[in-house]
Amino acid sequence: MYIDHLLNGWLIKVNKIMKNKSLLFIFFSDLRNLDCPSVAILMGYGGLIPFLGGVIFLVSGIDLVLDSSAILIYYGAVILSFTGAILWGFATKETLTKNTSQKKRNEILFMWSIIPALIAFFALITGNFVSYILLISGFSISYIYDLKALKIIKLPSWYLPLRARLTTIAILCLVFALFWNLFYGI
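Using my numbering, read the sequence shown as starting at 17 and increasing by one per residue.
The reader is advised that the hints may include incorrect statements.
Said to hold, decoys possible - Pairs of lysine-lysine, BS3-like flavour, derived with a Cα cap of 27 angstroms: (1) K120 <-> K164; (2) K109 <-> K167; (3) K170 <-> K120; (4) K109 <-> K164; (5) K109 <-> K170; (6) K120 <-> K109; (7) K167 <-> K120.
I should point out that these hints are in silico values taken from the structure, not numbers from a laboratory.
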């Protein structure tokens, strides 16, 4: 067992044996120990500002040019599309694992990399409730697929822990906005 910390500074115990296989490790690992570039951390968390701001605007009722729900949905669609583009980038970089053929990589990674953008497109052309469900599902599926992509490509050790944190916060913002709209909003 070893001690690690949550984003809020609380300490937790994580089993070292499960370190590389555990979702706890992926979410609670210290990014600095994984050689995560500072710019990736800064830009990743900076990318959450519109999600968090959208929730604040939604709850506060501040009058904006666009509806706060629309802001969250539009930005969520952009970021969901980005998650597919990341896989496209990894696929084009020769980072195959030993057991992966070029054909398998092309079939799996390149085809999957467009799916988040398609989900995002449909989220933009449907009503708020369906849009939120599509985005929440899209982010969840995209992350699960990234976990499976480890069998096909070599990802940097810091990528999944950072992605888990960012995706979780984005999903929580979208879930909050969905329920806020169901009970208080549109």
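Status of each hint after checking the structure:
1. K120 <-> K164: holds, 13 angstroms
2. K109 <-> K167: holds, 15 angstroms
3. K170 <-> K120: holds, 14 angstroms
4. K109 <-> K164: holds, 18 angstroms
5. K109 <-> K170: holds, 10 angstroms
6. K120 <-> K109: holds, 15 angstroms
7. K167 <-> K120: Holds, at roughly 11 angstroms.
In the structure shown, no violation is registered for any of the earlier numbered hints.
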